Amino acid sequence: MDFALTEEQSAIFDMVYAFGQENIAPFARDWETAGSIPKDLWPRIAELGLGGIYVSEEAGGTGLSRLDATLIFEALAMACPAVGSFLSIHNMCAAMIDRFGSPELKAQWLPDICSMQKVFSYALTEPGSGSDAAALRTKAVRTDTGYSLSGTKAFISGGGYSDAYIVMARSGAEGPKGISAFIVEDGSKGLSFGALEEKMGWRAQPTAQVQMDDCAVPADRLIGEEGRGFSYAMASLDGGRLNIAASALGGAQAALDATLIYMGERKAFGRPIDQFQALQFKLAEMEIALQSARVFLRQAAWKYDTGAPDATKHCAMAKKYVTDAAFTVANDCLQMHGGYGYLADYGIEKIVRDLRVHQILEGTNEIMSLIVSRALLAERDR
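Counting from 1 along the sequence shown, just add 723 to a position and that's the residue number in our numbering.
Hints were generated in silico from the structure; no laboratory data involved.
The structure displayed is predicted, hence computed values, not measured ones.
You may find that some hints are simply not true.
Said to hold, decoys possible - Taking lysine-lysine pairs in the DSS-like style, the calculated list, with each CA pair at most 30 Å apart, reads:
id : residue 1 : residue 2
1  : K841      : K862
2  : K912      : K900
3  : K862      : K922
4  : K841      : K922
5  : K990      : K1005
6  : K922      : K762
7  : K912      : K841
8  : K762      : K912
9  : K862      : K912
Required output: the full structure, derived from the provided sequences and hints.
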């Protein structure tokens, strides 16, 4: 068993980390204040091959593994978790089109997706259906030219900002088998957006409701087969959970790195605070938490890549364990800074605010526990 990264994987991490520290980290607070990420950042990210991370090379993507992706999102989140997580959403959309779209659909959309000339968002959640995603109520009615979509999506990262949206809508009967997936382009007739949400964290990401009122969608914007959309969404969630966990890990690592520097500079009672044994113990606890989380995450990604039968369970376990550990570490880092940790200038409070949502999205951590417990019971009863 070899836990070492390959030379290529180490190079990927170093490349993305360097890009983030130069092009994202110095501006993260400004983007948070503005409530938006400059659109010209994305083509520059795409030049690194990050617009279609696990899109096949034949379709114009980079064709990397999910383990590779965890390295990318950990490195980006060390600059800003909000930016890295938004890129994860775009890549989830890209992967769905590459995996389930028709050859014609892939040829039409993937070049602009992988170059990030078009930024994609994902629209599944609704005001009345969060964890119970199969209960969504957005309707897709057949027309002479395709479909007419009506309904509202909530908490959509990139709502009113992105160039296109993958929208899950009910084209058939109640339940998961009646749901289809569509590409809805910005500017479509009947498409509008709610006011920007005021959020605790991820404030650099514009977040708004996506509203459709008899929104016309051409027939060729259907992804895959009608009625298979929910299965496509569920197939994408395992990878999304790995990415969200990796982003939380990167944010927490950045907080710990900053705390180590701060503790060597900050003096109390005549000596640097890193000389107090109680605080040294806390440093050790945080390092242990992040190292164990990193190993757990990479094992889950390896299981996903190799098609292990228990991959879904491990992705759920890793998502819960890593995001819980990361938030706790970031919060402890704030505490180690004392009053300075509460100030925006030190950057720690932003990380704490950004990482809180990682315990909620891509399936709440309570839902992760449900997935794990059901898997255990199913294994027992085989």
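So, going through the hints one by one against the coordinates:
1. Our distance criterion of 30 Å between C-alpha atoms is met by K841 and K862, whose separation comes to about 25 Å.
2. Between K912 and K900 the alpha-carbon distance is near 27 Å, which keeps this suggested pair within the 30 Å criterion.
3. Note on K862 and K922: the hinted pairing holds, with a Cα-Cα distance of about 28 Å set against a maximum of 30 Å.
4. With a CA separation close to 25 Å, the supplied pair K841 and K922 stays within the 30 Å bound.
5. Between K990 and K1005, the direct Cα distance comes to roughly 17 Å. Compliance with the 30 Å bound is thereby established for this hinted pair.
6. For the suggested pair K922 and K762, the alpha carbons sit about 21 Å apart, so the restraint of at most 30 Å is met.
7. Pair hint K912 plus K841 holds up; C-alpha atoms about 19 Å apart against a cutoff of 30 Å.
8. For the given pair, K762 sits about 23 Å from K912 by alpha-carbon distance, which is consistent with the 30 Å threshold.
9. Restraint check: the Cα-Cα separation between K862 and K912 comes to about 16 Å, which is no more than 30 Å; the hinted pair holds.
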